[in-house]
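Peer 1: With chain A's structure known, arrange chain B on it following the hints.
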Amino acid sequence: MTRAMRRPVAAATGALLLAATTAACGGGGGGDSEGDGTLSVWIMQGTNPDAEDFFADVSTAFEEETGATLDVEFVEWGDAHDRFVTSIAGGTTPDVAETGTTWTPEFADAGALAPLDEYVDAAGVSDDLVEGLVDAGTYDEQLYGMPWYAGVRSLVYNTELFEQAGVEPPTTWAEIEDAAAALKKEFPDKIAVAVPGDAEFTVYPWVWGAGGEVATLDGDTWTSGLDSPEAQEGIGFWTGLATEGGYSSAGATTWRETDVLDSFAAGDVGMAVMGSWTPGAIVEANADMEGKFAAVPIPGQDGGIAPSVLGGSHLSVFETADDKDLAWTFVEMMTTGEFAQQWAEQSGYFPGQVSLLDETLESTDPLVAPFAEQFVDGGASVPAAPTYGSVQAKATTSTMMQSILSGDSDVAGASTAAAEEMTGLLNGSE
Amino acid sequence: MRPWLLLAPALAVLAVLLLWPLVRVFLFSLQDYGLREITTGEPNWIGLENFREILATPELWTVVLPNTVGFAVLSVVGTVAFGTAVAVLLASLGTFWRTVTSSAIMAAWAMPAVTGTYVWVWIFDADRGVFNDVLMSLGLLDDPTNWFTNRWTFYAIVLLNVIHHGFPFVAVTVLAGLLGVPKEMLEAAEMDGAGSFRRFFSIVVPQLRQVFAVVIILSTIWDFKVFAQVYLMPGGAGSNRSVLNLGVWSYVESFGQNRYGFGSAIAVLLTVLLLVITAVYVRTVLAEEER
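In order, the protein sequences belong to chains A and B. 276 is the number that this note's numbering gives to position 276 of the first sequence; each next residue is one higher, with no gaps. 70 is the number that this note's numbering gives to position 70 of the second sequence; each next residue is one higher, with no gaps.
One chain only, chain A, in its complex shape (with noise of 0.2 Å):
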């Protein structure tokens, strides 16, 4: 867009808009499903590549079972947020769509959503779910989200780097250390742990891992724990890997997750945390890495296994669905057996239904059964209140980590001042 343009092309975009809210109106909903036997579905795009014949599958099984037919819709991530937003407040929100993680208790809050718990309960898979992903999708002690399907952040690391310089995989915060050192050693151009200081799902571990809490909800209040002696111990040692060690890097600091990924692809990396969804990407981006890494759960701090963040999706059903018996059934069909179990495989994802994800504990690939038992036996959900995007948005985690990465700020000050800043926006004060 050239500089002249700007104001003519915002005006043209108004009239757009102005133009997209009028047909919308007019349309009266297109998107309910209103006795005519369709159900609406939003699906976010990419997760799977093979998702146009997934569903074609599912089209036909739902069709059979049910004799209503499916419309599904594709919607990208980057503008579903504002998507659902819209459609909320015109009452076009579809029947049931896949509500990232984070979203669901938000939407839940403004009243858009169905809570599911008889639905879970006749179904009887209550028990049968992923805790983590139960966590997120619960708001106000009801369910709006069914687990659908996540991915687990754990320790990745370079095979080939960690076998050069003689260490092996780490089990416990000392051993991380000394890792660190010893390959800072051996590789001092190569940075030994990255450290990136605007992604915050990379801290959390830490914090959990020495026995300290994000935020804690009593009653009506949230509490963020982030100030607490043991937050601060697991705040304090992973930034400590790049402010004392030096075993990071000056870039680093404002990393994202996206990043680390690069440089982890480019062999610049030994270890990382990162997304059991990335090492197709990495294989992608460099085919020299392939089987040139491999995973370890995020040790606790004397050992065992700190609780990581699961990132996934939700199939929640909107308020707006007239038949709501119909829309569960497609999302029990989603998320429990069969298909859940097939998208789970396509996508590289796993399922959220835990007896489904018995034969892959079983697997022996370093790259799966590391992250499935970080999943199965670690995972953890970010505070489910429907403020945590305000926290998001306002990067309070980040702006810690930058402000100790960069030198501007201790970890006593700045975790004091992110807890009290969490706290605020979670309860919705500020």
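Keep in mind that the hints were calculated from the coordinates and are not lab data. Cβ coordinates follow ideal geometry from the N, Cα and C atoms, glycine included. Take the hints with a grain of salt, since some may be wrong.
[Unchecked claim] Derived list of chain B stretches under chain A, where covered just means 3 residues or more per stretch with a C-beta under 8 Å from a C-beta of chain A:
(1) 33 to 39
(2) 229 to 237
[To be verified] Short derived list, chain A residues pointing at chain B, Cβ under 8 Å:
(3) 111
(4) 389
(5) 395
(6) 402
Peer 2: Structure of chain B alone, referenced to chain A:
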């Protein structure tokens, strides 16, 4: 009556496209308007509370406004000065070289802000950027430096980006004005012994007052509203609080948190501020004109 009748269609379109949204924004600014209000459709009037909250935010006065105003001043001066210099250069070139040069600067203009920003980010990247590489191979720098964590170096990069993106518009506009300056006046001045600087500042600049008014006002408005060029920089999306400007701050505080009323109030204040700046500037230009 006749002129109004002729203007009516245009005015009606403007009212629908510009005035009504403005009115809506103003109405939103008086409410605590979030996702819940959107869902229920019920207004939630809180009077001037949003405005009070904005003005009572210490961050606004210590970080956001100084960054915004300081940056706008520097980038307007930089853009206009550099653009004018390029225009003078273009005016003195022959047809062939003028075409070549203006095509080159058009490329900078045509580059989308997002793409341009990523190019600058890449140049100054700490680990793989060209800039650090050159400094280190010249021995001026021992270890890679992250230029994005410091407020001043961060904005120096934004300044480069915005001037690079904004100067072609100024250059082309000023060039059009330059070509309209009567040759006779310049020749007469030369005969009277005026040097090239004297000729430029005493004849060309006064002739171009209207042109400068336009480019300065437009640049001021644009540079006040800089968003993508800051938001997309490492740390610019809110995790480095010392580099927040008005655009990013209002986005993070309002739309990022579904506080549409609060965001509208910021938009109203920004509109008023820009109107005041424009009015003052237009008045000074007109006053000089009359003198």
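Peer 1: Work down the list of hints and note, for each, if the structure agrees.
Peer 2: Checked hints:
Requiring three or more residues with a Cβ within less than 8 Å of a Cβ of chain A, the coverage given for the segment 33 to 39 of chain B holds, as 4 such residues are present. For the segment 229 to 237 of chain B, the assignment as covered by chain A holds, since 3 residues bring a beta-carbon within under 8 Å of that chain's beta-carbons and 3 suffice. For residue 111(A), the interface hint holds, since its Cβ comes within 8 Å of a Cβ in chain B; the closest pair sits about 5 Å apart. Hint status for residue 389(A): holds, given a least beta-carbon distance of 7 Å to chain B, under 8 Å.
This hint holds: residue 395(A) has a C-beta 4 Å from the nearest C-beta of chain B, less than the 8 Å allowed. Look at residue 402(A): its Cβ gets to within about 5 Å of chain B, closer than 8 Å, so that hint holds up.
Hint check: no violations occur; every hint is consistent with the structure.
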